[in-house]
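Novice: Residue numbers (my numbering), protein chains in the order written: chain A, 114 to 422; chain B, 16 to 551.
Derived by calculation from the structure, the hints in this document are not laboratory data.
In silico SDA-like cross-links for lysine to any residue, where the CA-CA straight-line distance does not exceed 25 Å:
id, chain 1, residue 1, chain 2, residue 2
1, A, Lys175, B, Ala309
2, A, Lys281, B, Leu178
3, B, Lys101, A, Arg394
4, B, Lys433, A, Arg157
5, A, Lys135, B, Tyr160
6, B, Lys22, A, Arg204
7, B, Lys241, B, Phe276
8, A, Lys196, B, Gly446
9, B, Lys349, A, Thr174
10, A, Lys135, B, Pro163
11, A, Lys385, B, Glu378
12, A, Lys379, B, Gly280
13, B, Lys124, A, Val295
14, B, Lys101, A, Tyr139
15, B, Lys22, A, Pro280
The structure presented is a predicted model; accordingly, all values stated were derived computationally and were not measured.
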Amino acid sequence: MGVIQIISYISVIVAIVAMAAKALRYIKAPVHFRWELYPVPHERGRADYGGSYLEELDWWTKERHSDIFREIKEMFQEIVLLKGVFHHNRRVWTSSFPFHFGLYLTIGWLLLLLLGAILQAAGVEISSGASFIGALIHYLTIICGYAGFILAGLGAFGLLTWRLTDPKQRPYNSPSDYFNLVFFDVVIAVALISHLTLDSGFVAMRGYVQSLIMFTSFSSPGTIFSLELLIMSLLIMYIPLTRMSHFVAKYFLYHSVRWNDEPNFKGSKLEKHIMKMLGNRVSWSAPHIQKGQPWSEVVKEMKDDSETD
Amino acid sequence: MTQKQTKIKDLSNNKDQLHVIEPRELPKFPYPYDDWEDPPFPEVSEAKKATKDTSLDGVLNVPVPIPETEEEKEKLVAKFLEGLRKLLSVEDNWMFLKPLMLSLENCVKCNTCAEACPMYEMSGHAEIYKPLFRSDTLRRIINKYLKPGGKLTSKFTGSDIDLNWETIARLAQMSYRCTLCRRCAQTCPMGVDNGLLAREIRKVFSQELGIVASELHEDGTVKQLKVGSSTGISPTALMDIFEFMEEDITDRTGLNIKMPFDKSGADILLVHNAGEFLSWPENAEAFAIIFEAAGLSWTLSSDLVGYDSVNYGLFYEDVQLARVTLRHAEIAKKLGVKKVVMAECGHAHKAAMAIGDRVWVDEANIPRESSLVTLEQIVMNDMIKLDPERNQFPVTLHDPCNVTRSMGIIQPQRRVIKKICPQFREMTPHGVSNYCCGGGSGFAIMQSNNFPNWRNLISGRKKFDQILRAFTREEYENKVNKYVCAPCSNCKGQIRDLLTYYDAWERAQILYGGLVELIVNAMTDVPEGFIEWELH
Chain A
114 MGVIQIISYI SVIVAIVAMA AKALRYIKAP VHFRWELYPV PHERGRADYG GSYLEELDWW
174 TKERHSDIFR EIKEMFQEIV LLKGVFHHNR RVWTSSFPFH FGLYLTIGWL LLLLLGAILQ
234 AAGVEISSGA SFIGALIHYL TIICGYAGFI LAGLGAFGLL TWRLTDPKQR PYNSPSDYFN
294 LVFFDVVIAV ALISHLTLDS GFVAMRGYVQ SLIMFTSFSS PGTIFSLELL IMSLLIMYIP
354 LTRMSHFVAK YFLYHSVRWN DEPNFKGSKL EKHIMKMLGN RVSWSAPHIQ KGQPWSEVVK
414 EMKDDSETD
Chain B
16 MTQKQTKIKD LSNNKDQLHV IEPRELPKFP YPYDDWEDPP FPEVSEAKKA TKDTSLDGVL
76 NVPVPIPETE EEKEKLVAKF LEGLRKLLSV EDNWMFLKPL MLSLENCVKC NTCAEACPMY
136 EMSGHAEIYK PLFRSDTLRR IINKYLKPGG KLTSKFTGSD IDLNWETIAR LAQMSYRCTL
196 CRRCAQTCPM GVDNGLLARE IRKVFSQELG IVASELHEDG TVKQLKVGSS TGISPTALMD
256 IFEFMEEDIT DRTGLNIKMP FDKSGADILL VHNAGEFLSW PENAEAFAII FEAAGLSWTL
316 SSDLVGYDSV NYGLFYEDVQ LARVTLRHAE IAKKLGVKKV VMAECGHAHK AAMAIGDRVW
376 VDEANIPRES SLVTLEQIVM NDMIKLDPER NQFPVTLHDP CNVTRSMGII QPQRRVIKKI
436 CPQFREMTPH GVSNYCCGGG SGFAIMQSNN FPNWRNLISG RKKFDQILRA FTREEYENKV
496 NKYVCAPCSN CKGQIRDLLT YYDAWERAQI LYGGLVELIV NAMTDVPEGF IEWELH
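All chains should be built: construct the whole structure from the sequences, respecting the hints.
Specialist: So, in structure tokens, the structure goes:
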């Protein structure tokens, strides 16, 4: 097994562990006070104008009507089309949309490579002249690969240009922001050169993925291809360790906070969580707070002035 | 802008005042204020400047004492960092930890939030009022000083900030230059909430360092819990007020209404912002007239805190927030009412209904409802007789942020107003996209130093601009009386100040008031002219 293959294994493991750890932190975070922000898309019949079930008389006696399809539609528009950026920051959207859409296609390319490698290992031929499935995977891989590289590359370049040239933006950029975008463009440029010169149909790349899943050796068709494998592995490992892994958090920002309008009813599971948290001891030091007491006691009454530290 | 663009590093490196407010640089108003010239911005007195930090923008509302010795400076920094550690701990901040972590860790710094912020826009794009400027200061401090290896990676990750007492004092001031309206959060593609971060900064200062605007704490929640109301109204004084209101109702309408209070087993406990009793008693009177005419079973409370729905804890910390709202819950439980109805006060709605939803637990979990919903039922079901022709004047509606953006109560007030006001027109934008009145997050009650000038000049500027644009040139030229309906006490306080500052009653015949006043003004069982066309 080659060094690059080992790096690829490490990168996939690091990426999965880092993303899982990030998600787990948010999942494990305690129940919080309501802080939703309207419009909330699952409010059936009200989402268009930003209404909520609180508009109903005696709302606690009524059945709540959640519109899951509307929520999925909103999520789709937000994830795929970057609806929010489109409406509120068109300048950024012109680069951000191709960048993100290119990344989605690139992820699709990776999954198609994996699928192709599995089928290939099972004896199915993947090529233009193969069976329908084999040919379909062959062509989809090519379309997703090149379209993804080009869109993501142009998008990253556009974002880099925006960060470098917009005087309002520059004070908030960090060296890592520039580095990340340059890193993307370098990886994409190397990948394009590698495939246009050595592996235009991604046959060697599929072979490499097959070697990874079969734990077999792999013979690189050339130096540029090896370089592509190396830096792409590093990028896969690097992304989850940076702010670029915001896609993990976005789910929680929307579903756990912005759209979380779950009411608390007497005896509910939610109420049990809250009661449990009230047992936490407070260590805030301001004079009006009884330091060391549990929240359930602290909120009952104000600390007397005479007890002031 | 003629001023040099302020950078975050200036917070710690630049000893001069970072931003100077130049009224000439602020955006202009439309007709009939196209020739308006703002007066020079007043400075804080030299005596105050000597003891309290004003180095952000020369404005003083949260009093951060200037440390005198090196030891005091170091202590301030250490204590602030200690507060930040608590802010990030489950034990001390479970109630907001998840939203806080998510907003701290996932901003992509695209500045989309900037253009949504009325403060940034109407200050002539002053950098220090940009939502990202404030939140990124907090983010950089946490990343550099609290995260493992933060100092080592700070230059690369953009967390390069020096932490000294000036940084901390200016961060405190910055957290009080945001009305927590959350308009910025609405436009954030990631869902990051800069309004939440501003409140979390205020929380550290209050719960750890004891630094907080006195109008919110000592004269706010502390007074409310001790005396009964942040206005200073005690239960005894309340009886006199009820008596006055009963007489006033009779004088205005000829009706004899006895203000019901502490009626056990009533269907509804109605809770007003006690500011109404002092500044706008006609609002509380109008509620009584409507509820009596509709035949509702309702009561007020004369119990300590029970007659004041105000909860300024919402604006600066969780301890006082919980203490006040739990007091409301206990009173509702004691009276055995079926529900608590929040009168026209936006932040009280949010404190009791949205935040309170996860505080009023167990036996204290008494249902709560917006009065806008209760009123809608009364008006739309013809439970009272109304003649819209009595409201034959231009009316526009202000949307309180806490009721609309934070709670999604949009249509009930519109259905009412459309039924009773033939000349109703919306502001642009409105509903969930509204602009804050400029008095949000407690600003409306902060009357000390030069803060009211800042509030009228900058934080309320967008709302005044919106109000002006809601009416036509013809209506201005014909000197038609115009009404801004603001169903929220704090918003009314701010709009009153704006109309006074800009002389808008004399100059443009613009008056303000609540929703219930419009309803009673249209009631045929009441003599015409409940709304008195004079600014107060």
